[in-house]
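J.: Starting from the given sequences, assemble the full structure and let the hints guide the process.
As a plain string of letters, each chain reads:
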Amino acid sequence: MFSLGALGFLQPLFLIGLAALPLLWLLLRATPPRPKRVAFPGVRVLLGLDDRERTPQRTPLWLLLLRMAAAALLLFAFAEPLLNPKARTVSAGPLLIVMDGGWASAPDWSARRGAAEDALTQAAEQGRPTALVSLAAAGAPLERLSFGDADALKDRLSALEPSPWRPDPTRLMKAVAASGDAGFETLWLHDGLEALRPRTAGGESPGLDPKAQLAEALAAKGPLTLLGPAIPAKALHKPSIRGGALTVEVVRALGGAEETLRVGAFGGDPNAGPARRVGSAEAALAADALSAEAEIELPVQLRNTLERLQIDGARHAGAVSLLDDRFRRRRIALVSGEQERAGLPLLSGMHFLRAALSPHAAARETSLRAAMGLPEDAVGAAAFGAESEAAAPLAGWADAIVLADVGRIDPETEEALVEWVRKGGLLVRFAGPKLAALAIERERDSRRRRAGAHAELDPLLPVRLRGGGRALGGALSWTKPQALAAFPPDSPFAGLVASEEVSVARQVLAQPSAESTESVWARLKDGTPLVTARDEGEGRVVLFHVTAHSSWSTLPLAGLFADMMGRLVAEAPALSGAFGDVSAREPGDASKSKEGAGDADAANSGSAAAEAAPRPLDGAGGSSSSIDNAAAPAAVGSAPEALASLWRPIARLDGYGGLSAADSAAAPVPGERLAAAARLGASAGIAPGIYERAGGEARAGGRAGERAARIAVNALGPETALAPFVGAPAAARMTTLSETEEIALKPALLAFAVTLLALDALAALFIAGRLRAPRPAAASLLLALALSLVAGGERAAFAQGRAEAPPDASSNAAPNASSDLIIDPAERRAALETVIGYVKTGDARVDEVSMAGLTGLQRVLTRRTALEPGAPGGVDLEKDELGVYAILYWPITSRQRDLTDGAVRRLNAFMRTGGLLVVDTQDANRTFSDGDGPNAAHLRRLLTKLDLPPIEPASRDHVINRTFYLLDGAPGRWRSADVWVASGSSARISESGSAESDGDVNDGVSPIVIGSVDWIGAWAEDDRGRPLFPQGRGGDRRREQALRFGINLAMYAYTGNYKSDQVHIDALLERLDN
Amino acid sequence: MSAGGARQNERSLRGDAPRSSAPRLRSVAESAAATHDSLMARATRLAATVYLGAHGRRRPGVGETFWQYRRASPGDPLGSVDWRRSARSDALFVRETEWEAAQTVRLWCDRSGSMQFRSDAAPLEKADRGAELAAALAILLTRGGERTALMSGEPRAATPRPGIGEAHLGRLIATLTVDEAAEFGAPPDLGPARGGRVVWLSDFFGEEAAILAGLEAAASRGLSGFAVQINDPIEETFPFDGRIVFESVGRSLSYETERAGALKRDYIEALAARRARIAEAARRAGWRFMTHRTDESASPVLLWLARGLSETLSG
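Going down the list, the protein sequences come from chains W and C. The first sequence begins at 1 in the numbering used here and counts up by one. The second sequence begins at 1 in the numbering used here and counts up by one.
Derived by calculation from the structure, the hints in this document are not laboratory data. For each residue, glycine too, the CB sits at the ideal point set by N, CA and C. Among the hints, erroneous ones may be present.
[Stated by the list, open to error] Facing chain W, from chain C, some residues (calculated, C-beta under 7 Å):
1. Arg88
2. Phe246
3. Val249
T.: Shown next as structure tokens:
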């Protein structure tokens, strides 16, 4: 195949024919179109004339071009051009189709699958043995290649989905090597990225890219076609919180044009359904830049709920960065027990704490009571004023509370605080004069009570404090201020460099005790604990044995202090976050968990830990003020216990970047593998997702109720990078995978050429004068023919192109066609104009009267009111749509059949949605009150199925008697009798003026009116407007009354209780008089 | 319609389609008769536009109509003296009648192929216009008591006998509706005719030599006459352009040009020259020549012919 850009030619030899076009040009020029022949009697006169233009007239240029175009098109058509040609395999031997199948393949997966399917189809046609290998499939490396029937592989192919990790070319190496001398052709659908490979400490990747190695090996076996994307997938990298904003890098493997991508942040209340998009930021990739940062600023509360970041429009796992608890900005309450010294901020611990915490958390100074959500006492209120006001609704809002030199706490607050800690709060205390005084006081108390006995352990302190601290390096002391020792490995500060500059001159001391429940997170060089911590309930109490300001030590002045605060903040449980019920109980509590490290884990931790020992944290001590992602492996990796434990996925990404809850039966992952994955990105078997430490049930002796930490594993780990795949062997054919479908242009070109030829024929006729005016029909016929050829050709082209595509369009078309509403003309009319309906009883006589009666009412309505209904319509309750009518008049006859369920449902819906059902038993004045008339009994039977409200006789001041005319009764052909309406609709008007309708759906408008006096008979008139029935006593006056009631009924149906204020008219008029 | 004309018509029709069935023959005959009728009507209408006033030779001669009384001169036969007139005076008067010797007018209406042509610009064929003129002229002449004869353009046609009267007129007009097969009309053989007048109605697109020879022959026999060249408008305006093959109606002649538009001036000049030559020959033969375009009204030509004829006949 020969290709020009996106155009390929299957028969390029035809293109040589284009060289003959100039010849054709001359030929066409020399043969002008046939002349026009004209009958002309005066020829004889012409015969003697000397024609000065003897040279033959040339073919007109436009005609020449037309013919040339047609010829060129024909040649092009026969060269069988293909737009976006697909890769075609070249040889006839066995065919190996290799698919990378990682997340980087997900964006154009359908194109990949299509290309592979095409190759399979071709192979099947040629009967070539074929094998299909996905490099990202989980499982052991392949031992050997097994070539088989290509058709059989199609099912496998269609079931293949991109994996959320990177492909591993080494999977195939062995099999290729084992294939011996047997040659085969390979089609490799790669993702354009270098394979994931370990890097040395310097960040250099040793050796060859495994992909390149595999490509070499494959090229040695036979022709190798590499089918890759034009632009490899872009990914999100290294989310971190920096300076209060969430920062994420967008990386790409190949530098290219300038590009701006938008990164969306998804989160929100986890109880309010799936994560919503709550924010976004742009990352502007400069030309040729490989990465750009997006900084997403979000309110802390919102940021704490974030679930993931995702590049907009990118559908693959690499474009998603899952965020775990570490990315929640903690909210920390700062409570000071120090004396306020106005104007001397550097002597206040608050100042240092604020400065150290602000990069990591939202720190807020408040009172302890406010932090606990307790009502403020007078002093606190005075001190914090508006602050506490604002804090009050956020009771328990803090993830951590820092107490700077708070000594005695009032019992109520203390109790609340202890409870808060036991629920999982992190309490960080700094020593100071007050705490020291408290220690002395406590010691004295306990001595007084029982000599020798230890003071009771304060639940809010990790250790018992000795009365009186120690002072080092004072004027009268020989000792020197002590420096920090290296942090113990099980400390959350592990990895931070214990700065030499820090010196401690004064501290409070812990009482040594037999049972050491506390853990020491930092020591001085002489071994004295400087920072101690103790689990209290589910929470933790941490004590800095020095002040938060610089009078006892230089710690608050050191950069280390900020880093320590950062680590502490990371320790803080996300009490208020999306995973609120699960606090990130970091694995620092080694003392507890070590004993719990089960035998089960010991086995698989042993060897694995040796080979994939996570790097100890490096550089974190140097990093000034950010929780970078290094904290993630640190969370797992710093604690041996966590490494040994099992982690269970709770949510996982698929290759397309969709997050779904993980199967609860998903196999847990050993900690050290997870640590590796967290650093390097997801790998086969460890899908990106959120992992939770398998709870107590997994570990014998695990603390009941311990909440597991959560670690997010992303497709692209912080220690890996995206690099383009460059090591393709020279022999390989590189082709770009195109998303677009292959389109054979031949039919379209042929059709176009034929059209041109048809036009040429027309033009020749025209020039020769054969195309006369009376022949437009023929011309248009030709033109139509040509057009239909074109259309047909294009259809053929599309059909060819879409042959493999699922027939969406056609399958969609059918239901659309059938779903075209066929609206009954009567219903259409009823919907478009105002139509009063009557129920067809099936008794022709009754229906006729109904029609006549409603027609009479309609005429009167039109004449007297603004309501101008159209001709009334009959309704079959069983079949017709009732919703288009507002009033249904239902004469009850004994011959009416029972309602079917469908009709009942319809009637119920009609009444529920605002329709007015007017039932007329025509029993004269025997309704329900004075013993049933014959039809009323029947009505009872009919109505039992209906969902009717309780009914009652309409009172005299019911709205129905007030909507248009003020009526006293509702006579029909018979004497006025009770009209029954839904009870509660009787517009008992309260003083507030609104109809008291308790929970009625229709604003207290009765959905049903039942009468018995044959109104419709009174309304009925013939064509000429003469009454159809004789009126009983009362004559025309009563007929008029009946009509007025009919008008009121219609008004009631159309205006509802709008006229209910008419009931007040007396009162209103009275008021006007005054 | 006169019976004779119909007979002749039918005869020719029978000749054309000898094996036609009777109904077909009848329908053809009826349509032919309709043509004849319409020609008759048109010709009558046309003739009515020309009122010649007192016709006659306007000189004394052998006739029935009183012409004048004149004093008897010596040598007048006694019997010619009108005694009643002479009795009113002393002198003798002779009653003279107008000379009413009937002249023969020979009409040639060219109905050859080239005359059977009509362009879009013209209301009717040249031949039709010619027939119309010929018929109208025949009507006028018959009314004037002259003898008319319709000469056929067919090469070996029998020499027509001049005739007079309505029946003859009918036959003549019927003959006028019969088309000729020849492609170009040539002046007819005059036969033994001497004296009288000749009227030629043709486009004169035949061989120019034949036309000039015809004029000469007529002149040599002392026949003077009138030649009317009837042309279609496009034959004068030549509204053509582009690559065209011009063909005569019978396709015997053709002329191909690449750019007809460039020929227009030459053609018009050539046509004018041809006309001038024919007109010159006519003048020398004592004929009068006129041109007529079919998109123009026929009355002026008819008037011109009638005036000319009455002048020369009575002059």
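J.: Run every hint past the structure and note whether it holds.
T.: Hints versus structure:
1. Arg88: 66 Å, violated
2. Phe246: 4 Å, holds
3. Val249: 6 Å, holds
Violation of the numbered hints given earlier is confined to hint 1; every other hint is satisfied by the structure.
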